[in-house]
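Let the hints inform the model, and build the full structure from the sequences given.
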Amino acid sequence: MPVPTEGAPPPLSGTPVPVPAYFRHAEPGFSLKRPGGLSRSLPPRPPAKGSVPISRLFPPRTPGWHQPQPRRVTFQGKASETLQSPSYDPSRPESFFQQSFQRLGRLGHGSYGEVFKVRSKEDGRLYAVKRSMSPFRGPKDRARKLAEVGGHEKVGQHPRCVRLEQAWEEGGILYLQTELCGPSLQQHCEAWGTGLPEAQVWGYLRDTLLALAHLHGQGLVHLDVKPANIFLGPRGRCKLGDFGLLVELGASGTGEAQEGDPRYMAPELLRGSYGTAADVFR
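Each residue of the sequence shown is one higher than the one before, starting from 1 at the first, in UniProt numbering.
Don't read these hints as lab results, they were simulated from the structure. Where a beta carbon is used, it is the ideal one built from N, C-alpha and C, also for glycine. It is possible that part of the hints are untrue.
Below, computed lysine to aspartate or glutamate pairings styled on EDC-like, alpha-carbon distance capped at 20 Å [unchecked claim]:
1. 121 with 94
2. 226 with 190
3. 140 with 268
4. 226 with 198
5. 121 with 89
6. 226 with 114
7. 121 with 165
8. 154 with 248
9. 117 with 94
10. 121 with 179
11. 140 with 170
12. 226 with 261
13. 117 with 165
14. 154 with 179
15. 117 with 179
16. 154 with 165
17. 226 with 268
18. 121 with 170
Derived DEER-like restraints, expressed as beta-carbon distance ranges [unchecked claim]:
19. 139 with 190: 32 to 40 Å
20. 206 with 98: 34 to 42 Å
21. 196 with 99: 36 to 44 Å
22. 201 with 270: 20 to 28 Å
23. 87 with 213: 38 to 46 Å
24. 138 with 45: 40 to 48 Å
25. 218 with 87: 35 to 43 Å
26. 135 with 77: 33 to 41 Å
Dropping the structure here:
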């Protein structure tokens, strides 16, 4: 047998290396890899130049309760009428409110929305415009918000109630244009700091009761009488406003009435009794 020289690799033997029986009889393992080779599938064909895009075949629909154009909101006479104004151009991106009114300041804000002091570009007079904070979430939310317009129209004209000029919806937002009043009774009391003069308190109480007598005489209940919803007017008078929770007694929807601020809630409402007494309690 030849002896290998130092540093040279040993010669290879012709005898194969033994393989354990387990590996000879074992089944091939599972693998997620695909067998190698060239792909025989063709690349996707480009769209034909004359084909119509899917977005044009199925354009996004605007819900029926989401009006992109300014539409008048009313429960009396002709509803869903497109608003017209000499200062409004529907081809411009600004809303009807932005084009038709000069905003002079913000009178208040809350979860309901914002109230602005504005000047109409059409007649030059001062008004208040209440704008909802967020778009309608659906048909039920829209109906709930538009109920304030119906409440104003049911109340009608009375010197001790805030007068509604017009209401409209645009882009899912509700706008209410009313006469311009002074600050609310709550704001007035906070600014005064101390107790109001007794004669002034009796005057505010008289005007509020006159407004409630007008509502109750028509079978209406306010359900949200509080200082924040009583607004000061000229010569020390005041007016009742915010008729969003107003209920018509005997109507089918009385059972679905909503209570107002719990800090001013009448005991009758806690018992589920919706009557005129809910607006007057000690």
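How the hints compare with the structure:
1. 121 with 94: Roughly 15 Å between the alpha carbons, so the hint for residue 121 and residue 94 holds.
2. 226 with 190: holds (14 Å)
3. 140 with 268: violated (27 Å)
4. 226 with 198: holds (18 Å)
5. 121 with 89: holds (13 Å)
6. 226 with 114: Status holds; Cα separation ~18 Å.
7. 121 with 165: The given pair, whose Cα atoms are some 15 Å apart, holds under the 20 Å limit.
8. 154 with 248: holds (9 Å)
9. 117 with 94: Within the cut-off at roughly 19 Å; holds.
10. 121 with 179: holds (15 Å)
11. 140 with 170: Roughly 17 Å separates the two Cα atoms, so the pair holds.
12. 226 with 261: holds (8 Å)
13. 117 with 165: holds (14 Å)
14. 154 with 179: With Cα atoms ~17 Å apart, residue 154 and residue 179 stay inside 20 Å; holds.
15. 117 with 179: Holds. Residue 117 to residue 179 sits at ~10 Å (cutoff 20 Å).
16. 154 with 165: holds (14 Å)
17. 226 with 268: Status holds; Cα separation ~16 Å.
18. 121 with 170: holds (19 Å)
19. 139 with 190: 32 to 40 Å: For residue 190 against residue 139, whose Cβ atoms are near 38 Å apart, the range 32 to 40 Å holds.
20. 206 with 98: 34 to 42 Å: holds (40 Å)
21. 196 with 99: 36 to 44 Å: Cβ of residue 196 to Cβ of residue 99: about 41 Å, so the range 36 to 44 Å holds.
22. 201 with 270: 20 to 28 Å: At roughly 27 Å between Cβ atoms, residue 270 and residue 201 fall inside 20 to 28 Å, so the hint holds.
23. 87 with 213: 38 to 46 Å: For residue 87 and residue 213 the Cβ distance comes to about 40 Å; the hint holds.
24. 138 with 45: 40 to 48 Å: holds (42 Å)
25. 218 with 87: 35 to 43 Å: holds (36 Å)
26. 135 with 77: 33 to 41 Å: violated (26 Å)
Comparing the model with each earlier hint shows violations of hints 3 and 26; every other hint is respected.
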